[in-house]
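Residue numbers (the UniProt record's numbering), protein chains in the order written: chain A, 1 to 669; chain B, 1 to 669; chain C, 1 to 669.
A portion of the hints provided could be inaccurate.
Because identical chains share one entry, a pair is satisfied inside a single copy or across any pair of copies.
Stated by the list, open to error - Result set (DSSO-like, lysine-lysine): computed pairs, CA atoms no more than 30 Å apart in a straight line:
no., residue 1, residue 2
1, 254, 448
2, 25, 467
3, 518, 419
4, 198, 147
5, 363, 448
6, 518, 608
7, 363, 459
8, 147, 59
9, 518, 297
10, 669, 84
11, 324, 518
12, 363, 471
13, 258, 294
14, 126, 460
15, 363, 467
16, 147, 126
17, 518, 634
18, 59, 198
19, 167, 84
20, 363, 460
21, 459, 258
22, 324, 297
23, 84, 198
24, 518, 363
25, 198, 118
These aren't lab readings, by the way, just hints derived from the structure by calculation. Computed from a predicted model, the values in this text were never measured in an experiment.
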Amino acid sequence: MYIGVDYYPEQWPRERWETDLQMMKELGINVIRIAEFGWSLMEPEEGTFDFTLYDEAIKRMHSYGFDVVLGTPTATPPAWLIEKYPEVLPVDDHGHVISFGARRHYTVNSEVYQLLSKRIVTEMAKRYGQHPAVIGWQVDNEYGHEKSDRSYGDIDQTAFQSWLKEKYDSLDALNERWGTVFWSQTYTRWSQIPVPRKVYQEHNPSLLLDFDRFCAEMYNRYNRMQVEVLRTFIPERQFITHNFVYTGLAQDQKEMAKDLDFISFDNYPVWGGLADPISPAAIARQHDLCRGTKNGKGYWVMEELSGAQGWSQIGYNPRPGHLKLWTYQAISRGAEAIVYFRWRAARYGTEQFCHGILDHDGKPRRKYDEVKEVIDSLSGFADEWIASDYKADVAFYHDPENEWAWQIQPHSDQFEYVKEYLRFYEPAHSLNTQANIIRDDEDLSRYKVVVVPIYFLTKKRFNDQLKDYVKNGGTVVFSYRTGVKDEDNVVTEETLPGDLAEMCGIEVPEYESLRADKSSHVNGQAGVLEGLSSDGEVWSDYIETTTADVLATYEDSWFQDKAAITKNNYGQGTVYYIGSGVESAMIRKLYTSIFQEAGVRSSETPEKVELVWRESSDQTYLAVLNHDVEESHKISLPEGEWSENSTGNSYSGELMIPRLGSMVLVKQK
Amino acid sequence: MYIGVDYYPEQWPRERWETDLQMMKELGINVIRIAEFGWSLMEPEEGTFDFTLYDEAIKRMHSYGFDVVLGTPTATPPAWLIEKYPEVLPVDDHGHVISFGARRHYTVNSEVYQLLSKRIVTEMAKRYGQHPAVIGWQVDNEYGHEKSDRSYGDIDQTAFQSWLKEKYDSLDALNERWGTVFWSQTYTRWSQIPVPRKVYQEHNPSLLLDFDRFCAEMYNRYNRMQVEVLRTFIPERQFITHNFVYTGLAQDQKEMAKDLDFISFDNYPVWGGLADPISPAAIARQHDLCRGTKNGKGYWVMEELSGAQGWSQIGYNPRPGHLKLWTYQAISRGAEAIVYFRWRAARYGTEQFCHGILDHDGKPRRKYDEVKEVIDSLSGFADEWIASDYKADVAFYHDPENEWAWQIQPHSDQFEYVKEYLRFYEPAHSLNTQANIIRDDEDLSRYKVVVVPIYFLTKKRFNDQLKDYVKNGGTVVFSYRTGVKDEDNVVTEETLPGDLAEMCGIEVPEYESLRADKSSHVNGQAGVLEGLSSDGEVWSDYIETTTADVLATYEDSWFQDKAAITKNNYGQGTVYYIGSGVESAMIRKLYTSIFQEAGVRSSETPEKVELVWRESSDQTYLAVLNHDVEESHKISLPEGEWSENSTGNSYSGELMIPRLGSMVLVKQK
Amino acid sequence: MYIGVDYYPEQWPRERWETDLQMMKELGINVIRIAEFGWSLMEPEEGTFDFTLYDEAIKRMHSYGFDVVLGTPTATPPAWLIEKYPEVLPVDDHGHVISFGARRHYTVNSEVYQLLSKRIVTEMAKRYGQHPAVIGWQVDNEYGHEKSDRSYGDIDQTAFQSWLKEKYDSLDALNERWGTVFWSQTYTRWSQIPVPRKVYQEHNPSLLLDFDRFCAEMYNRYNRMQVEVLRTFIPERQFITHNFVYTGLAQDQKEMAKDLDFISFDNYPVWGGLADPISPAAIARQHDLCRGTKNGKGYWVMEELSGAQGWSQIGYNPRPGHLKLWTYQAISRGAEAIVYFRWRAARYGTEQFCHGILDHDGKPRRKYDEVKEVIDSLSGFADEWIASDYKADVAFYHDPENEWAWQIQPHSDQFEYVKEYLRFYEPAHSLNTQANIIRDDEDLSRYKVVVVPIYFLTKKRFNDQLKDYVKNGGTVVFSYRTGVKDEDNVVTEETLPGDLAEMCGIEVPEYESLRADKSSHVNGQAGVLEGLSSDGEVWSDYIETTTADVLATYEDSWFQDKAAITKNNYGQGTVYYIGSGVESAMIRKLYTSIFQEAGVRSSETPEKVELVWRESSDQTYLAVLNHDVEESHKISLPEGEWSENSTGNSYSGELMIPRLGSMVLVKQK
């Protein structure tokens, strides 16, 4: 297994390199990522290349036996480039040109930039494609991060128009599908179509969704261009990856991943400006997204947080145990390599307060020791753990286009996409039920339950898959606002939930958006929900059943008789519909029963204690992860004798897991 | 009486038209507004006109016996127009050009746009001026809505300079009246005068007020141009109107109304982003503004909300009863026609979530039934009700220039113009006392009481009217910050309340702005206020009396002896001054006594129950409107036998009015 | 002593001048500041000068015996100037050009503007340099106020590049010191360096700090240019000053002051938008900054608030007593002249709601009477009081560059520079301990205690001074985040507190930024802190001691053993380190003991009662200032017989000081 660090040799005097490499060796790492912001060093002026520094750095790393991952440096076009080709700079939605002075200051739609990128990547690939120490490549860095996903300049507008022409072929088709007859927006020439710069009200949602698709696809093309250059010059043994962020950008990771050998992920459970880490479920969801991006294939964590992070604002300082905990969580959920960001905190530049394994003074202290503990504990064990399977009987549907559609029309000030997604994901996570996050390219019959949260923008193809799946005995869980839109971001003309109404056995003749100071009240009426009640946030679907059974209703003087949660038999299968943003406890209760009926494993543990199973042919692996910063918790181990590789200890029955404790237990089959 | 719908035939396939028209017929409507966003259909390229779609639509509507109102489509200049004449686009106060992509993306100051508008309106007028189904015209749509009232581009600057030259004739006069000697702003050429783009501090308030006047007047000229074109081609029987919004824009509805046959209003008691409807008094105030715009003349509600509204954020879903209640309220206060917005929710475009009588699925449900109930209940009765008089013994003064002056200098973060206006309007509304909202062009002697709230920007002419009125026995109620400014937005050099000090019998030597976390405490000292106390928000005038009596004082360790509310005899009349933002209950108590003394009818009803009287020569009409969403209320009917036309039921004595109930009762004289 | 008013003769009709001057005479003032916004009057068109109005005004003032201070009018370039030279307008960090229409609408980097400024100042100096009434000059007005300190246009960028070239000489040096290797920012031509316009993330902190230095220095050069012009034409007896604001702008008052005879200050303890005055300590800190700007030299208050202030929002109305109190506070802390802003409130322009001694109606009332009381009370006494010494045994360090560095990286949303500075200043102020605010150009041995709060950006030179000072017996108090940065805004590579670690006797291996909803808990462990506890905000340094003693520790399940406050013996002296943003009470307790040990006078008074001592050879002056708006307080006078000059009363033992009372007591030595 690869465990390594992100290192910036260019930021330190050469006399320090030996110290650092020596300390890394002692720490036990085996891989180093470098060079992803090194363009001005490699090409100090246009067309002049100088790889001296990286030659030397790689040579020394190689001499220590480290493998090297190289980043292409296109996230940071140098000053000379911007001075000479200022048209490369992106433009925001008010028309402000983004200045040189930080990073990601290019629009992917600039042809000049594409050419310049191609040249530097070609030179790098030629230089290091045959180097024995170089095992792979990271293309660029965190595409789209920090609002760099969308650019609104003239270059972008022209590219958008071309992209639309490719997609729709005729303006008639575009006008028809966008409904431009609304507000006299009919386009009679491609050149009339705007990028969504500032308007008095709001743009056409169909244009906005296509603009997001365009932005995502242009990044994919840009990435593909770099990948193709690399493939021309590098051998098979060198991999190509990119380090994704999953923050709702106009990026389509799954499409981009098709061009990559595997994907990578930058894992920051807390960052500048956050007073506390995000929830265990929120971290887990990101790992599940990673694992799902190439349909179950393992991925690298190319940046794993190793200290407090921040630019001008600094976030929470991870407590002792956090680094190991988050590393174990990552591996248990599919990461095959961990690269810590960063070896040592930078003394200058915007990221001065991104703390690393070492702080500014370069002295090993508790974070160094903790990473050492991780490495030691995994020694001789990691490979088999990684090789084992992550099995999931449940699937959660996620499509970035649906997320974009929600961003375009959030309905309520209470609505945040990730929060709402987690409303339906977290209860399953808290039951330690393993799930994959999928799109519409998987065989649903693999799964016993498919949860399709806030499925607002629908795809006919997936609707049909769901219908078949349920007809053949599957179980589907939908939530409020299912079935509203077609792929053009146009509202269905069928009664909601539209194309999915029949399988749900319901109609939604009325609904309501609830703002931050509003909530509904929902009472369970049948089955496991009987006697339970919950507030409902964000949205109320006031449901009438056609064939479904009512599981919960609204307590409301006007909508007293309307259903809030229903269950329908459809073909051989079952469909649930949760029409209100009810509380976690109610959803968890419902899931308990759904999972039980469907034969899905779930297990209650104390809040914040996460269990993750892996299976090999002869062993079961159980990661026990206590995310609680303050309290130890007792859990009941599944039957059998469990041993911990790193200590040799054996456990059965009850196990006390200390605060922020993390362990991997193994049981023979 | 006209009751109809806003319909967009261009947004639906022709095969649906028949279904829709059939359903409308069954519903019982008699008028349809169309075409106000149809420019790109009518003029698909510059100078080429095609009225096929609207020809066909009007023909079919006519065949069903519907009358048609046509909107001129200038709120939505087409894409080809903006591509060819980008100078038409407006500019915001930071210099950002507003993009094509929504609506109202033109500056009224563009001469090119004026010409292009003239041409399309000419063509429409020629086409439909003689059509038997067409009964009238709506010019453009909601002028100034969504910040489109003010544009800050170079074209606008030149027009502003010309407008100023017309107004002031000489720069000396402008310099003198604006006080440009302050901060060396003296202008020596007209071309030096800026539009109020971003500055480090704040612009000269006199310039700002004139800029608002300019913006309003340029819209009036633009509207007049369209009206003149229409009048050239249409017959007398076709009316011309415009659908106003009353949201504090730089618009002067009363001036514009002089060019219109009657005004129209778009009535949205709740919209996207509001968790609840605005208060009954706030809706009533807007109707009173409408009725006052042409000094009592009836108006159309050209858009009456018929479902939850919103763009990317959706508002409160009106409860069963709301549509009828708001319709009855509108008619009782002066609306002569109701056109529901919109027949059916659009499937595409920005307004996807503007719900209508029908939702996206086009099926009649409770909103359809409710509108039907409205129409049935008014059948054979509406005309006489509408023909009856709205009588008012009380007048409230409102001048948009005063509102603009407050927007320019709100004094406190607690101050919002409408909220403060309602502070003085709502207590009268809650006493069911009928009032007109007037400007300075009415004979005050018609009224027993004139309330002049937050009269900051004064007009000499109105001051003189007030003095005469009181001298002759009238009663006037002023509030804090009366008499501060002259028409140039310059502070008086008389002791406050300036020109009105003598009639108030007071001086205001000290005052204080109260921010959101500050309040005063006011104790009643005499008359009906004795024993009452109230917190005071927003502002404290620390009053010294000259001839007035003190009705209330401050409880304050420093201003203990200062008056907060006073009463003065002036000539034959009486003047009240309320120097603090006291609570509704105290003002209501004071009004009770003022109205009683002045012989004005008032009646207490449960909170949220509104009564509106109308009178004909032989009958009295009483609208009983329960705005309470949750509770029924008992009211005591005025003496006599009251009957309800729609049911034939008779009532006397006590009446239980259900939640959201609305009824019109009639009594023979 | 000079006591006067700010007057704008140009804003009033000449017939009013006599009334005003007569009233001023009766009030007892002796100096008037005029003309600082009079450019368009003096130069109504380019190159044409007309001093008629000011000639006449000065003549009349002279005839009344008033001395006159003239402002150069460059804060308000006239309309003709901007029309002809629009390149003079500044640009904000998004690229928006700041419009004409308010004030300070110039970039100091415009060479055209420098020339035009030079010309008007030359003409003024020639005109009034010999006038007997003119005693001095104020250059421009409030440099940098309201964000006018930083301009981001092309002119500014070129100037910034030149300035950097002067500073660094070679790009290699700049690249090295800024660490531009980070994110490929290496500059290969000076013309590549940006001004810090909008980027996706954040600019390099080293660039940002140099940009602030550049902005400050360019203002200093601009000021020096004006001073040099003046010196050429005016006699020695006329002083030159500038009225500073101390609000964290990119301004270096101390550097600028070197070119001035003395500095001036605009003293607004409350202004538009504030519901209450800032705290007594916050006002005192500003006076201490003033006094420190020229190392103890007295200064003028060129604008002393005399009424409620505000532009479109109006602030708190000062209560009776406030004017005298704030005047006495100013004089006691170093002001040698008081000029009240403004004689009378303006009727027009942006500052209509800046109230003065007179309000808009021009009638003398309580504020006039209160100023008269001030003048009478000081009559025949002020000069000796002013001539006496302000003695301070304690020094507080302040460097604007440190403040800028904090603005660039505030670490936490809880952090505001002034609030945090006051966290360490206010406890000393509340103990009535007199302190000077110093930079690194003073002999520290004058002081018994030196407090160095939030010393983030360090200077080697000052570090060395501190070390010497403590070695020789001095006492230093540091706070959290000491020693982090070098002068290039680069993080030290030593363990914190870096260069100061040895003298502190500690190391800070871990720390944490606390956001608004986070706090630590600190328990006193030794000395006066034993038994005390406090919450800690903003920041926690988790301290390990090397040679220091622990005074307080964290109550925290993870950092239980870490120190929060320490004390170290170093050489002959003592160093305290306060590693957490603890509460005022804990710091006051600690100071009590530190001051006692160091032999510094302190005395407890009721909260909000401030004592300020002055000393002459034979007398002690004690200003007693009760800032409490509601309550009188009893204080114990220092031993001896104290007399009040204005009343002739004598006091000893206990003294009752009424709310907002202020008095100066004198005791013979």
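Is it within, between, both or neither when you check residue 254 against residue 448 at 30 Å Cα-Cα?
within (23 Å within a copy, 67 Å between copies)
Can you tell me if residue 363 and residue 467 fall within 30 Å by alpha carbon in one copy, between copies, both or neither?
Between copies only: 25 Å across, 59 Å inside.
For residue 147 vs residue 59, is the C-alpha pair at or below 30 Å within one copy, between two copies, both, or neither?
neither (37 Å within a copy, 51 Å between copies)
Can you give me the call for residue 84 and residue 198, within, between, both or neither, at a CA distance of at most 30 Å?
Classified as both; 29 Å inside a copy, 19 Å across copies.
Could you figure out if residue 518 and residue 419 sit no more than 30 Å apart (CA to CA) within one copy, between two copies, both or neither?
both (17 Å within a copy, 22 Å between copies)
Intra- versus inter-subunit Cα pairing at 30 Å for residue 25 with residue 467
For residue 25 and residue 467, neither the intra-copy (55 Å) nor the inter-copy (39 Å) Cα distance is at most 30 Å.
Between the shortest in-copy and the shortest cross-copy C-alpha distance, which are at most 30 Å for residue 147 and residue 126: within, between, both, or neither?
neither (32 Å within a copy, 51 Å between copies)
With 30 Å as the alpha-carbon cut-off, assign the pair residue 198 and residue 147 to within, between, both or neither.
both (16 Å within a copy, 12 Å between copies)
Is it within a copy, between copies, both, or neither that the alpha carbon of residue 258 lies no farther than 30 Å from that of residue 294?
within (8 Å within a copy, 67 Å between copies)
Go through the copies and call it for residue 324 and residue 518: within, between, both or neither, with a Cα cutoff of 30 Å.
For residue 324 and residue 518, only the inter-copy Cα distance (24 Å) is at most 30 Å; the intra-copy one is 41 Å.
If the cut is 30 Å between Cα atoms, do residue 126 and residue 460 qualify within a copy, between copies, both or neither?
Neither. Shortest intra-copy (46 Å) and inter-copy (47 Å) distances fail the 30 Å Cα cut-off.
At most 30 Å between alpha carbons: which applies to residue 518 and residue 363, within, between, both or neither?
Between copies only: 28 Å across, 52 Å inside.
Hint compliance for this structure: hints 2, 5, 8, 9, 10, 14, 16, 18 are not met, and every other hint is.
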